[in-house]
Amino acid sequence: MTSSRAAFAAILGKDLRSELRTLQALPAMALFAVTTFVIFRFGLDRTQLSGSLAAGVLWATLLFAAVLGINRLFVAEREEGGFDAIRLAPVDRSVLFAAKATALVIYLAALELIAVPIFALFFLDSLAALGPLVAVLLLTDIGLAATGTLISSMAVNSRARDLLVPLVLLPLVVPLMIAASGATEPLMAMGGPGYHRFGTWLLVLGLYDLIFTLLGYAVFDFLLED
Amino acid sequence: MYGKGLKPLSIATVALLAVGLSLVFFYAPLDADQGFIQKIFYLHVPLAIVALVGFIVGGIFAIFHLRSGDSRWDAYSYVSIHISIIFGVAVLITGSIWAKASWGHWWVWDEPTLVSFLIVFLLYCTYYPFRYAIEDRERQARYASVFAVTAGAFVPLNFMAVRMAQSLVHPRVFATSTGGLPGSMMFTFLVCLAAFALLWVTLVKFELAAKSASGQVKRLRRALDAPSPGGRSRIAPEVS
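Residue numbers (numbering that gives the first Met the number 0), protein chains in the order written: chain A, 0 to 225; chain B, 0 to 239.
What the hints contain is simulated information worked out from the structure, not anything from laboratory work. If you're wondering where the values come from, they're calculated on a predicted model, not measured in any experiment. Glycine included, every Cβ here is placed at the ideal spot set by N, Cα and C. Treat the hints with caution; some may be incorrect.
[To be verified] Ranges of calculated distance between the beta carbons of each label pair, as one might list FRET restraints:
(1) B:ALA209 x A:GLU78: 55 to 65 Å
(2) B:VAL13 x A:ASP44: 54 to 64 Å
(3) B:GLU137 x A:ALA217: 42 to 52 Å
(4) B:ILE92 x A:ALA217: 32 to 42 Å
(5) A:GLU224 x B:TRP106: 56 to 66 Å
(6) A:ALA108 x B:ALA212: 30 to 40 Å
(7) B:ALA98 x A:ARG77: 26 to 36 Å
(8) A:LEU15 x B:GLU134: 30 to 40 Å
(9) B:LEU121 x A:ALA217: 17 to 27 Å
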């Protein structure tokens, strides 16, 4: 147990350190998100957003920015032999899944720390929605991280790496996006945040997180065999 | 060995389909509300149920494959998903026709079951590009099984999320309570459901038999040192 915890900390630390030093994924994700907001501003021809339109713009942008990061998640492992190292190490392979998913949650939180205030600055007339939005963001990040880690680890070992992640991931996270935008829509409603079915949507998000985290944990072993 | 029992199974399927369709057209009463077009219900709903169950069965075969490492289970899983996708195309087409006839539009976004089915269908459509993109045969089988298990767990979750996204749920022909359907309609429906389930099983067995035969031919050719025509083996799992 202690050895898995040490391995978890080591892999997570390695990932965060290498991301901090190379800055490969995060700046690209943030820049992509901000540019997408600008495109939505002209595509929709709106300077203010509220309700379902605000939720849609926010979640579509965050999702596509997340795909960029998910694409890169295992590239270093594949190119620098990290997969072989974890196979040789006498630790549980699921540790890699846990560490990578945690790293992804941290990346996504960092992305949202940049992108959501900018979104609010660009489009929202009040910041009241941002407080309760944190819960939605966090739960959605966990779900995205669980499915993203699973798909990314498979896609990275295929020929069509960059193609497979969006292709397989997008339909898989549709329920997550339904729940996330369902919870966000009343929060950003005109005239102050509402909480219509807020708890129910959080419950759906939590259920999705639980199922796909457990599933990823269970099947990840099979992806590292050979 | 997969061809065993295929002939009686095919005959039974054709017979049951014939019985089912004759019940649909000559026995089941006309729907008071929707008239003749409601009869597509006996085609659409059984197809959808069989396709969804087929997807989940594919996931269960994938679990067997992951646990045992026997590539035969992978072939079962692959063929189950394949036939279910073909059924899925039929479901979307018949659903569209029904939507056009009863609501006036080819596609209706506020019918949760139809939308859920589309999402599930789109997810399973990515099974093929996903599978072909992996070169190593053994790894391909393993990854495809992981996909099948994940997608199998996704099916019920997705139906729940889409159903909840509707602010008001349409009155439903069937799912509210089985008591809502008159006995003669229910009987016809159940016969059709059995017929399409049998059709699914028959088609799965046919594809497995075809794959096993072509695998045997290929092995014989290799033994005779003859070049094998075409390179389709990269895609589908081989059945020994």
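Going through the hints against the structure:
no.	hint	verdict
1	B:ALA209 x A:GLU78: 55 to 65 Å	violated (40 Å)
2	B:VAL13 x A:ASP44: 54 to 64 Å	holds (58 Å)
3	B:GLU137 x A:ALA217: 42 to 52 Å	violated (20 Å)
4	B:ILE92 x A:ALA217: 32 to 42 Å	holds (36 Å)
5	A:GLU224 x B:TRP106: 56 to 66 Å	violated (43 Å)
6	A:ALA108 x B:ALA212: 30 to 40 Å	violated (54 Å)
7	B:ALA98 x A:ARG77: 26 to 36 Å	violated (45 Å)
8	A:LEU15 x B:GLU134: 30 to 40 Å	holds (32 Å)
9	B:LEU121 x A:ALA217: 17 to 27 Å	holds (25 Å)
Figure legend: structure checked against the earlier numbered hints; hints not met, in rising order: 1, 3, 5, 6, 7.
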